[in-house]
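There are 2 protein chains.
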Amino acid sequence: MKQIDEYLENNLERSLAELKRYVSQPSISAQGMGLRECAQLVRRMLEERGFETEIIATEGAPVVFGSRKGNKDRTLLIYNHYDVQPPEPLELWESPPFEPAIRGGKMFGRGVSDDKGHLTARLHAIDAILDLEGELPCNLKFIIEGEEETASLHLHEFISTNKRKLQAQACVWEFGGVDHRDVPMQYLGLRGICYVELSVESLGTDVHSGLGGSIFPNAAWRLTWALNSLKGPDERILIPGFYDKVKPPSPRDRDLMAKLPDLAEEYKSRYGVREFIKGLKGGNELKLEEVFSPTCTICGLTSGYQGPGSKTVQPARASAKVDFRLVPDQEPQDILDKLRRHLDGQGFSFVIITYLGGEAAARTDPEDEFIRIVVDTSTEVYDYPMELVPLVGGSGPIHPFVHDLGLPVATMGLSYPDTRAHAPNENIRLDLYLKHAKHMARVIQRFSN
Amino acid sequence: MKQIDEYLENNLERSLAELKRYVSQPSISAQGMGLRECAQLVRRMLEERGFETEIIATEGAPVVFGSRKGNKDRTLLIYNHYDVQPPEPLELWESPPFEPAIRGGKMFGRGVSDDKGHLTARLHAIDAILDLEGELPCNLKFIIEGEEETASLHLHEFISTNKRKLQAQACVWEFGGVDHRDVPMQYLGLRGICYVELSVESLGTDVHSGLGGSIFPNAAWRLTWALNSLKGPDERILIPGFYDKVKPPSPRDRDLMAKLPDLAEEYKSRYGVREFIKGLKGGNELKLEEVFSPTCTICGLTSGYQGPGSKTVQPARASAKVDFRLVPDQEPQDILDKLRRHLDGQGFSFVIITYLGGEAAARTDPEDEFIRIVVDTSTEVYDYPMELVPLVGGSGPIHPFVHDLGLPVATMGLSYPDTRAHAPNENIRLDLYLKHAKHMARVIQRFSN
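Quick mapping for you: the protein sequence lines, in order, are chains D and H.
Numbering of the first sequence is given in the numbering used here, commencing with residue 1 and proceeding in unit increments.
Numbering of the second sequence is given in the numbering used here, commencing with residue 1 and proceeding in unit increments.
Okay, chain D solo, but in the shape it has when bound (with noise of 0.2 Å):
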């Protein structure tokens, strides 16, 4: 493996700059912006490492595939996205998010983690073995969508009809990475999601408060009593039968967790929390409840006048966008019927639900074998052992891996905890970069044997 890490240290700059233009490129789902570009982008990758490709077009955004076959008849399916999260609010970040720059040993760049550095890592890991070795020791496919950052909505749907193409031992899932330590972790289940926007429409035109104030109805406040009746301050969620098909962590799971560290002081620093929810103060009971926990988290509110100084309107239209984490055995069209169900027996029958995207929970057993590969040729690359995480507190299309494919998924890759996916200032730190390629290039060898 010694060629192979050397190649890799030698010839970084060339994959870091195929990852600034593949950052370059803005492909944001949620606005439909450049995905079709950056799926020819990410297709013209593939080839140029001879793997045959589609474009295979969804009711969304196209799906890019790619397969060149092996000296061994095993093989490894990898899962990535081309698309990102938008980038606003655009005047924190420090420098334009679809314009990489690298500073202090770090890439900046909306995606540059979440997904895109994590694809051209990977890119380069089999530049290494193909110049090296002449062909691939397995067979490696790459399935890499577009509508990640929208909860996957036609994912699911692909995988179902598509099972043939995507037949694999293993799969390598889109993200993973090192804790505050440096720790690489291995992400052994995702949260499952439900995403909606609740909208209320209350008049026809927005309207002098001086006027409607006393006696039309105002959308803004009818959405906020009814998002009040989802959750209240304690952050109990009150949607009948909400919590009925959740599922204690195990036994297994607790000591698992109990072994992970404690990361209450980090979480204060880094993000900037004063307090904890539910009176949590850090250890154990932390741990369990971020992940173990189903959420309804409000993610944006939008109502009216939100200029500066003021205006005296009444607004017409209230919409929030509210995502509910689910645990399993949690399924997000049974969440989105008890929600209907709620508001409509608690008088907000007037509350538009739109639903913007789900999937269920999943998660791999952590005695797979695959999963001991992964975890034993990290320990040559990293400097700890890598650390077992039963449950992640995300959610991503795991579930069609799992489930209908019959996957054991391991997570792997640059992400660490000042990453800022979703955020402003999005980045990655070079080194991890390149010991996820070399990572990589063990995975793919040790698969292959």
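All the pointers check out, no bait thrown in.
Remember, identical chains collapse to one label, so a pair may be satisfied in a single copy or spanning two.
Once the Cα atoms are required to be at most 20 Å apart in a straight line, the calculated EDC-like pairs of lysine to aspartate or glutamate come out as:
1) K278 - E201
2) K268 - E201
3) K69 - E48
4) K69 - E54
5) K141 - D131
6) K20 - E9
7) K338 - D244
If you are wondering where the hints come from, they were derived from the structure by calculation, not from laboratory data.
For clarity, every value in this text was computed on a predicted model and none was experimentally measured.
Given the structure of chain D, go ahead and fit chain H onto it with the hints provided.
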């Protein structure tokens, strides 16, 4: 008066051209845009009529003061404002807000009604008198401020310190107009207002909702709960002591209100109201509630992601614009104090209150001599006799005119129910513009006798 009326009709185009120039100069006090330029423009407009003028600085936007002596030593003070509301949402305007356009007997543009058209129509009346008679029959003074749309933050102090300069025997208010039947209305009082921004900052930065949702405080949720504590779905305002100083309408008020038309159906069709709040159906109950009850209105909400599609972010900041309309004898400072105590008492001491302005309600005696002049002269211009309204729902800085300067204040103007003040497609009817000029000329003449 026949000569005057003919003059006003024959020179209408010239006055409308002046209004177009005036509206074309944006002057958005909420955004601090174009105020100095607009004040200079107004000064020139007065100087062209031989007024002695001053632009007087305040801590906010400057006040334009103008005076011209007349034959008789009686002084009429005319109050107007040169600032306008923000034009947003821009996409709902049929023609650009600062490019005034005439269509179907109406002129459209931001501020065309509130309040720029009122000033130019009054200047039109003055032109007629000056051109036909050579001088004014009485002294006229104009006070034209630039912060009316942001609660006239510095006007009260300006009036207190310039009482001598503003000395007069009567005051014409900045606006007035007809109701849905084209009946001119005499608004004898205005509600007060207390306008605040409530803001919450719960984190140092926005965070991925998969991480923060279960354990970090969410600014949007905290704002939602704090707002919900102010008013529930029954519309009762929950701030302790909020209603303490509310004076119920007197028997005379009730008599005057009973004579006014029932606008329930009018409101439904004009504003797309499907149902009134508080179980109101119409009639005297609706009329009294509309103006004699104080309000708590959410004018705007903003937090987190508000673009299309989904973004899974937990917002660090959230804020709401809230206005309280006050009735006699509520005071804005008292309401502000009670709001702070209430939020603190409810566990919402983290909510920051920014006071964006306020004023108390004030009323003029319906039996005042100047009111009679305005009402009597209206019959020569309008098809119906003017009706007396003891109090209206809107607010304005009437308190210092009534209480510091000791003036009767009469409303007269070109507004009408579909004028869309503060909303997209603000407009005036040209027939009412001309009527207001005719009425104004008569008031000046009769006041001088």
